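**Student:** Quick note, the sequences are listed as chains A and B, same order.
When the letters of the first sequence are read in order and numbered with my numbering, they come out as residues 1 to 509.
When the letters of the second sequence are read in order and numbered with my numbering, they come out as residues 1 to 86.
FYI, nobody ran anything at the bench for these hints, they're computed from the structure.
Hints may be right or wrong, so weigh each one.
Partner residues are not named here, just some residues of chain A that face chain B (Cβ under 8 angstroms, in silico) [as the list claims (entries may be wrong)]:
| id | residue |
| --- | --- |
| 1 | P221 |
| 2 | V223 |
| 3 | L224 |
| 4 | M226 |
| 5 | H227 |
| 6 | A228 |
| 7 | E233 |
| 8 | N252 |
| 9 | Y329 |
| 10 | H411 |
| 11 | N460 |
| 12 | V461 |
| 13 | S469 |
| 14 | L472 |
| 15 | H475 |
Counterexamples of contact, computed for chain A against chain B with all Cβ distances above 10 angstroms [unchecked claim]:
| id | residue |
| --- | --- |
| 16 | H266 |
| 17 | Q281 |
| 18 | H457 |
| 19 | R464 |
| 20 | F470 |
| 21 | L495 |
Treat the numbers as computed from the prediction; the structure is a model and nothing was measured.
Every residue gets a Cβ at the ideal spot worked out from N, C-alpha and C, and that includes glycine.
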Amino acid sequence: MNSAVWLLERAANKFPDKIAIEDIKYSITYREYRDLSRKIATNLLTSKYDDCPVVIFLGKNYKTLTSFMGARYSSRPYVPIDINMPVYRLQKIIDSLKPCVFITDKDLFESLKDLSFDNVDVKIYEELLSVEEDKELIDKTISEIKKEDNAYIIYTSGSTGIPKGAIRPDKGIKEWVDFVDKKYHFNSDITIASITPFYYEMSNLDVYYSIYAGAKLLIVPDVLLMHAYQLLEYIKEKEVNSMFSVPSVLINIANSGALNNIELPHLTNVMFSGEIMPNRQLNIWRNKFPDVKFTNIYGTSETSFICFYDIEREFQDSDSLPTGMCSDYLKMYLFKEDGTLARIGEEGELCLAGTTVSNKYWNNPENSKKAFVVNPLNEKEIIYKTGDNAYINEYGELCFRTRKDFQIKKHGHRIELGEIEHAAMNIDGVINAAAVYEAEKEEIILFIETDKEFSLHPFNVKLRDYIPSFMLPSHLVPMKKLFYKANGKMDRVKLKLEFDKRKQEVKNA
Amino acid sequence: MPDKIKDDIRNYIINKSKIQSNDTDFNDDLNLYKYGYLDSMDSMSVVFFIEENFNIKITKEDILMHNLQTINNIAILVSEKLKNRA
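Chain A on its own, in the form it takes in the complex:
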């Protein structure tokens, strides 16, 4: 009874006729959720595959969620993929993932004609449902799922230009879902707004906690997230109780003034994660809804959810918001650069171990070796190096500083600047490339070494063949030669100064 699929079995038995999922077009009950998932699993099990991963390429709707659970009922890990991903990048994922099944629908399949599917069986969602459920087979299969089995793989940006897949073991899900329930006690009358796309780890709190509680998961269309006023109208009309989002959505709402003219009597919980939430905008929310519980959550694809910090004391606009302490299913270490542990107030790199933590990336020994290392204090333990720098404040709470490496967070997206540089070098005429992040403005500046004339927008049109839209730079600086240090490494500080200089010249002109 350890596996996460038992959560759905339980919900379907307890609340068969309750709405489980509502998307923009359809609603399904918990009974339908289970039955559709079992049908999909039957189909997957009657085809002879090994226990290899199942790609889900379906978008933000109930089909994706029933396919997730269908894969799990068949005892296989699933891999959610963004349907807007450039084919070039998707191909790299397929090549490294080596899935055996790829679930999509007819329309989306049309958009994939340039993708090569060697040894991958493409299944159209609707056709998966044409079989009758084999109850005996499914019951047997799920009773044999082990805690250590992989539940899903989430792909994130990789510095070498190839995205890397973080693996979540099944036991990891149960661990944090139990923890979250002890904290929040959601019941089956709750409506949870599902804001984060399902190809991000963050969305799993919505996906699994709603099933755990027997709550309704309301899938919010992506297009509404960019429009503060209309999004709040929607949340009000749908009587949403709990929402979990990247800070940029909440910041956008606070800055727009949309909170002034609306009441949300059903709202009880607002949670956020993915980057640092500024207190200036959070205070606008807290003043507007003094009875709502606000929670700052920290996590990564490699570790799942780590800290849940309920915000209770007052913060000044200029204070930085703590992340609280790690949940009890994790062990946390802050290593200073000299390899010793940081004391209170001292900064160190956050490293983690525990049941929810992966121990490698999928088929990627090179990146795995860098991120998952033996704990210098305990050679029997593997720790994950988050690349995030943090310190413990005088309240014993974890607080984050800027990132250690070339991995940035923009509007909640985790991006390796190296992936953008690799993509740029695919474009004819680009000899070398360096991407620099201006954190304050949340803008990526791309420097390219080239003899050709390039300007930003037409360059981005070419770049979009290789990387998703959220990775496209806001500024392009073509140069005859980039700046290098004596050791041959790119001099990013000098490049950034060059950008500032050019900007000033444009201003003065």
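Once you have looked at the hints, place chain B on chain A.
**Tutor:** For chain B alone, coordinates are given in the frame of chain A:
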């Protein structure tokens, strides 16, 4: 559809994103968000602009029903709204 509507929208986006006059990729059917001409943070400003400039109100149904990612689609929504008001 009166071209004035489309011209206003196009000019607003050209100014906002500093699109160069010799940009041959830029056109009224281009997905502005996909190719980075606008980013997700710009979408509210675009809606504010059309609400103010054409004196209309954009509802959540408008956002959901119309794919406001190209100049043509934005212009179609604006003209429909103006027609319904008249």
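**Student:** Verify that the Cβ of H457 (chain A) lies farther than 10 angstroms from every Cβ atom of chain B, and report whether the claim holds or is violated.
**Tutor:** violated (5 angstroms)
**Student:** Just to be careful: measuring from the Cβ of Y329 (chain A) to every Cβ in chain B, is the smallest value less than 8 angstroms?
**Tutor:** Nearest chain B Cβ about 34 angstroms off; hint violated.
**Student:** Taking the closest Cβ pair, is P221 (chain A) under 8 angstroms from chain B?
**Tutor:** holds (6 angstroms)
**Student:** Next item in the hint list is V223 (chain A). Is there a CB on chain B closer than 8 angstroms to its CB?
**Tutor:** Where the cut-off is 8 angstroms and the nearest Cβ of chain B is about 6 angstroms from V223 (chain A), the hint holds.
**Student:** Is the nearest CB of chain B more than 10 angstroms from the CB of R464 (chain A)?
**Tutor:** Nearest chain B Cβ is 5 angstroms from R464 (chain A), so the label is violated.
**Student:** Is the Cβ of H266 (chain A) farther than 10 angstroms from every Cβ of chain B?
**Tutor:** holds (17 angstroms)
**Student:** Take a quick look at L495 (chain A) and tell me if its Cβ sits farther than 10 angstroms from every Cβ on chain B, holds or violated.
**Tutor:** holds (20 angstroms)
**Student:** Holds or violated: is there a CB of chain B closer than 8 angstroms to the CB of L224 (chain A)?
**Tutor:** holds (6 angstroms)
**Student:** Far enough from chain B: is every CB of that chain over 10 angstroms from the CB of Q281 (chain A)?
**Tutor:** holds (14 angstroms)
**Student:** Going by Cβ atoms only, is N252 (chain A) closer than 8 angstroms to chain B?
**Tutor:** holds (7 angstroms)
**Student:** Just to be careful: measuring from the Cβ of N460 (chain A) to every Cβ in chain B, is the smallest value less than 8 angstroms?
**Tutor:** Because about 4 angstroms separates N460 (chain A) from the closest Cβ in chain B, which is inside the 8 angstroms limit, the hint holds.
**Student:** Verify the interface restraint on H475 (chain A): the C-beta must sit less than 8 angstroms from at least one C-beta of chain B.
**Tutor:** With Cβ-Cβ at 10 angstroms, over 8 angstroms, it is violated.
Violated hints, listed in ascending order, are 9, 15, 18, 19, 20; each of the other numbered hints is respected by the structure.
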